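Chemist: Protein chains in written order, with this note's numbering: chain A, 1 to 230; chain B, 1 to 227.
Everything labelled a hint here was simulated from the structure, so no lab data went into it. One should not assume that every hint holds.
[Stated by the list, open to error] Quick look at which bits of chain B chain A covers, simulated, 3 or more residues with Cβ under 8 Å: (1) 66-78; (2) 114-120; (3) 124-137; (4) 202-210.
Computed from a predicted structure; not experimentally measured. Every residue, glycine too, gets a C-beta built ideally from N, C-alpha and C.
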Amino acid sequence: MPTPTLPNLALACTALLRRDLTLAMRHRGEMANPLLFFVLVVSLFPLGLGPDSQTLQTIAPGVIWVAALLAALLSLEGIFRSDFEDGSLEQLLLSPHPAALLVLTKVIAHWLVSGLPLILVAPLLGVLLNLPTAAMGALLASLALGTPVLSLIGAIGVALTVGLRRGGVLLSLLVLPLYVPVLIFAASAVADAGIGLAITAQLYFLGALLALALTLAPLAAAAALRISVS
Amino acid sequence: MPAPVELMDPTTANPSALATAPDRFEAHDLHCIRHDRSLFAGLNFSLTAGQIIQIEGPNGSGKTSLLRMLCGLLQPAQGEVRWRGVDIQAQRAEFLADVAYIGHLHGIKEDLSPRENLRMAQALGRTRNDISLDRALEHVGLYGFEDLPSRTLSAGQRRRVALARLLVLDARVWVLDEPFTALDRSGKALIESMLEAHSRNGGIAIITTHQPVELTQCALLSLQLAA
Chain A
1 MPTPTLPNLA LACTALLRRD LTLAMRHRGE MANPLLFFVL VVSLFPLGLG
51 PDSQTLQTIA PGVIWVAALL AALLSLEGIF RSDFEDGSLE QLLLSPHPAA
101 LLVLTKVIAH WLVSGLPLIL VAPLLGVLLN LPTAAMGALL ASLALGTPVL
151 SLIGAIGVAL TVGLRRGGVL LSLLVLPLYV PVLIFAASAV ADAGIGLAIT
201 AQLYFLGALL ALALTLAPLA AAAALRISVS
Chain B
1 MPAPVELMDP TTANPSALAT APDRFEAHDL HCIRHDRSLF AGLNFSLTAG
51 QIIQIEGPNG SGKTSLLRML CGLLQPAQGE VRWRGVDIQA QRAEFLADVA
101 YIGHLHGIKE DLSPRENLRM AQALGRTRND ISLDRALEHV GLYGFEDLPS
151 RTLSAGQRRR VALARLLVLD ARVWVLDEPF TALDRSGKAL IESMLEAHSR
201 NGGIAIITTH QPVELTQCAL LSLQLAA
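Chain A on its own, in the form it takes in the complex (with noise of 0.2 Å):
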């Protein structure tokens, strides 16, 4: 006597991980880009600017984590453009499971292959803008809070823009006043750890961002996605 088996979120979830990833590796050029940006421009300035190290070393936090947003915001379109195209968006959205749920697995699929590598070369350009080693840790771990927000705030935007077909200006008008608190926190962190300060404060307060983006972006986007396949 055979018997359906039930719909099992956990099992939804970790399926729906592996495709995503399973995807980007089959992508790799496309999964590539936000990293080269990121790297490319950062690199560019010690060229634009000449060696002084002062100068870089001042201008170091800011440079990095305005181009990681960037980055961030260039990879935005890929968590739901290409589900929405072939309509497994729909298939996700009829699932009996939780849509916010697997918008939130989405989201972490996104920043394990577009936030994830920033954080992993960041160092290296840390060094290039001969940023001081005491900043070292705070970049780390100001990006480490940082970039999942900025995913799962752009998942809202993607969410809004996807049905649109030419979404992509206003995607960045509506994601990037809500990156401003992300940057204004982390760089001032990674100043701050340079000259020797507490960053205490900065790393709590994206912390906080963290949990809030957490909870309430995957509903939001989740929210957004049914009013953009309607």
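Keeping the supplied structure of chain A fixed, place chain B upon it in accordance with the hints.
Modeler: Chain B only, in chain A's frame:
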């Protein structure tokens, strides 16, 4: 290719479902407004276990909108869709576990193989475990294509991958939007045999198509949407 009907009957299973579930799928006073145009209003119908309905109407009469409404992708401007007597918006998860939808877009990832695509569909829904993935793919005529990237398949073969989803999922209600598109004659016969088996098993199906549907073993209801 042997006639798909003889190949196997995946839906002979589950006789108990017929006895226990009072499946009833109702559209109650549905009103659809798209882009400031009223497409249809006061639409009612009711389907019970084993019934199959074909929605007909000229282009732009709201067939696709109606189907998307019936599976909950689109909110009706007025009225409600009921499954087992309850508004589907009030029981999303329960209803969605019972419904399978194939729209104009197949929901097939081109960079994944048919097997990987089906595995994903299984993970997302309620699966029947009396039919293996390979059997389902074989049944829709994709034997030997299981592990090729779907982008190398033809349009008709991709549609067949989507059809295989119906076989591996344990859905009571099938919502199929123009299922015959891109399919050859044997593909059309395949869908017809799948619909008959689904009906025999107490399933409900709602389809739109401009082609005549030839069902020999069960009745086909029809609903006409005005232009």
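Chemist: Please go over all the hints and tell whether each is borne out by the structure.
Modeler: Consistency of the hints with the structure:
1. 66-78: As far as the region 66-78 of chain B goes, the hint holds, because 6 residues have Cβ atoms under 8 Å from chain A.
2. 114-120: Check passed, 3 qualifying residues.
3. 124-137: It holds: at least three residues are needed, and the region 124-137 of chain B offers 7 whose Cβ sits within less than 8 Å of chain A.
4. 202-210: violated (count 0)
Hint check: a violation occurs at hint 4 only; the rest are consistent with the structure.
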